[in-house]
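Colleague: With full-length UniProt numbering as the guide, the letters of the first sequence map in order to residues 1 to 434.
Just so you know, these hints were derived from the structure itself, not from any lab. What you are looking at is a predicted structure, and each value in this text was computed from that prediction instead of being measured. A couple of the hints might just be wrong.
[What the hints assert, rightly or not] With a straight-line Cα cutoff of 27 Å, these simulated DSSO-like cross-link-like pairs (lysine-lysine) come out:
1. Lys294 / Lys283
2. Lys163 / Lys183
3. Lys30 / Lys163
4. Lys283 / Lys248
5. Lys248 / Lys294
6. Lys223 / Lys248
7. Lys183 / Lys248
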Amino acid sequence: MRATASVLHVDLDAFFAAVEQRDKPSLRGKPVIVGGTGGRGVVATASYEARRYGVGSAMSGREARARCPHAAFLSGRFHAYRETSGRVMQVLRELSPLVEPLSLDEAFVDLATAGLPDLEVATVTEAGARLRARIHEVTGGLTATVGIASSKFLAKVASELDKPDGMTVVPPGTELDLLRPMKVSVIPGVGPATAERLRRAGIHTIAELERVEEDELVGLLGKAQGHGLWQLARARDDRPVLAERETKSISSEGTYDSDLTDRRLMEGLLTRQAREVGARMRKNGHSGRTVTIKVRLHDFTTLSRSSTLSSPTDDGATIARVARTLLGDLDTTGGVRLLGVGVSGLADWVQEDLFGDAPGEEEDDEVVLPEPPRRAWPPGADVVHDEMGAGWVWGSGSGVVTVRFETAHTPPGPVRSFRMDDPALHRVVPPSED
DNA sequence: TCTGGGGTCCTAGGACCC
DNA sequence: TCTGGGGTCCTAGGACCC
């Protein structure tokens, strides 16, 4: 904990939904739900209009639809989110060189390296207000909520207090007054399982947590978490803001609308995922030694199997071969709802190919997968029609796509339906870039 | 037909080495 | 021939975060 309130946490409000409302004027002021469109999807972000109906993150699409049937359900345009996030991160870096992104919509900023005249409460408050205004400006109207305090922990807690479009500054010295009445679940790292353990031990608030001996907490939660919580309950947190974080693993997984039982199909899907992982590794200059598969059975039991190679790889065919072998150890007769492949134990270099074998030319991984739909028309996707101009997919199904013609820069236009294979209709961003 | 996808970190047991 | 401890690597599972 620092003597000054010099750690800032920013959180973009209902980020994915806000980007959609910015780009699609007809959605402004209406409930918008990103995610939850597939048969087994969950909500990634709900706009505040949708939250009023009790829709929240991680809720199943089915339940979200039941609670708010009139919402627009969109499948997400990650290129747009990444682009907007990039602009925000740039603004943060103009404030201070020490910026630690936590996700597309969240980051810590170290104000101690921001070159402010001082770090008095009034000064950092002013800096936070200017920052929020700049974010609004560069994103075309998105709002952010800011917390400023003497540590990462307190800054993050503070940014939860005045959402959306707000700011909370915790004056140094008042941290424990703020924390003590709060529930333990406000502590990052205390999820449902830990909260339940603490509840059974009679610990509900941070004030109660503060009264527990460190040894008792370690006995209850284990060494790392017990010690960590004991510190946080006293507002002790010296974690620095770190601009660079090393990637530890790269993975790809998918949940399928109906359970898989065909082993050949499973192998084909793993192979495709392995190739995607390999491609991403090569793109980022990564290679790794440990290949892990993840299998979620029909009853949600989740299994993993891993194998460590003698030297690192970034080759999709190699990853795929290991993945298929690992799958061979597992009994999947009951059906599989999720399959995934990942590589960890990353090195930032690739072993030289000592024997001159060209990788990726093996013939043994040719597995025929069912043809994907000729075109993907996910709800929310940007499209252009040769005569009608620019718009976005409102919905699709039964061979028909429904499009609303509007962009952020045009007034809402008509809604029209087309056959899915209408050659006049084009996706603006190909599926592979999403 | 409850329960995504991309990650991080921790724990615990066994193998193996010194 | 017996006893013991520490460190590291690997594997499987679980909690958690956005």
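Colleague: Of the hints stated earlier, which fail here?
Modeller: 7
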